[in-house]
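Protein chains in written order, with numbering that gives the first Met the number 0: chain L, 0 to 99; chain A, 0 to 234.
It should be emphasised that the hints constitute simulated quantities derived from the structure, not laboratory data.
A portion of the hints provided could be inaccurate.
Heads up, incomplete: computed chain L residues facing chain A, CB under 8 angstroms, no partners named [stated by the list, open to error]:
| # | residue |
| --- | --- |
| 1 | Ser1 |
| 2 | Val7 |
| 3 | Val17 |
| 4 | Val23 |
| 5 | Asp25 |
| 6 | Pro29 |
| 7 | Cys35 |
| 8 | Ile47 |
| 9 | Val48 |
| 10 | His58 |
| 11 | Leu61 |
| 12 | Trp76 |
| 13 | Ala93 |
| 14 | Leu98 |
Glycine included, C-beta positions come from ideal geometry on N, C-alpha and C.
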Amino acid sequence: MSWTFVLVLSATAYAFKVLGLVVVGDRTLPPVLDRCLALIPAALVAAIVVKDTFSAGQHLHLDERALGVGVAMVAAWRKLPLIVVIVLGAATTALVRALT
Amino acid sequence: MSDVSTPWWRDPRVRPVIGACVTLGFAVGVFAVSFGVSAVSAGASVLQACTMSLLVFTGASQFSAVSVIGSGGSASAAFGGAAVLAARNGVYGLAMAPHLTGRLGTRLIAAQLTIDESTAMSAAQDDEHHRRIAFWITGLSVYVFWNVGTLIGALLGTAIDPETFGLDAAFPCGFVAILWPLLRQRRPAMAAAVGAVVCLALIPFVPVGVPILCATVGILVGVPAETAPNEAVVA
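Based on the sequences and whatever the hints tell you, model everything.
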């Protein structure tokens, strides 16, 4: 791996991060934009969850992870602490994987 | 409300927030060990692996880059995939900007910490003060644990298979836990549903990373005014 690659990727990643913060900056946004931007985490994080649960690369893929995430959903619904949700989900996935 | 003499981190309402943020950072740090291992086995030096974690600092891009290079792909292919995955942090920046006002220097540091975890943890809080605290504590704790984990993995260098321990499921499980309280409100629940469906529908047809960017259309459920529809006309 070349240093050029590492540094160009670093600069690109930082540019994206700064871009969003700078574009909005300090300005007061119209209420409709405010309402929409506030929904970004819900929309994107939900997308990450389904991507990490049901896909492998560019393919849809159903495996042990779905069971683990299902258990995590029940745990989150029962309001268990974050670390318990993560450990239960990962342990379920590992267990089912080991048994099958 | 805490009185003036009580530092903010002693506030009994803030302590559980800090606890959750640091916990999340630790969990991500475990994952960083496997990044360190993958990076070195893909031909990166220990110093290069650590530099990536310090400067790129966005896990999905880093994993994607080393996996393309490790499987013999060109640098430009590795870069393209990693850049698309990094683009979503720009979208997070749009969402975080109203909560990260202040000096330019502070915002430039905040930018480096604008990632999945800090944005999600911040969004899960229900008041402005807690949103800022959650962003900073999560961002900083993930930063520390991610870099320590990378160093450990790069030095170990021996392949531990994250799948044996179900670690590949740890990320979606953590995000489920963070997202859950948000889903009790109607608008975020609708945005999440649209985002999830759009992402799932696009996965087979577009390059990795693009479905998540496209999930941003979910925010359009915020367009109609929240209360009576004739309110906008009156205003």
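Now for the hints, and whether the structure bears them out:
no., hint, in the structure
1, Ser1, "holds, 7 angstroms"
2, Val7, "holds, 7 angstroms"
3, Val17, "holds, 4 angstroms"
4, Val23, "holds, 3 angstroms"
5, Asp25, "holds, 6 angstroms"
6, Pro29, "violated, 11 angstroms"
7, Cys35, "holds, 4 angstroms"
8, Ile47, "holds, 6 angstroms"
9, Val48, "holds, 5 angstroms"
10, His58, "holds, 6 angstroms"
11, Leu61, "violated, 12 angstroms"
12, Trp76, "holds, 7 angstroms"
13, Ala93, "holds, 3 angstroms"
14, Leu98, "violated, 12 angstroms"
Hints 6, 11 and 14, counting from the list given before, are not met by this structure.
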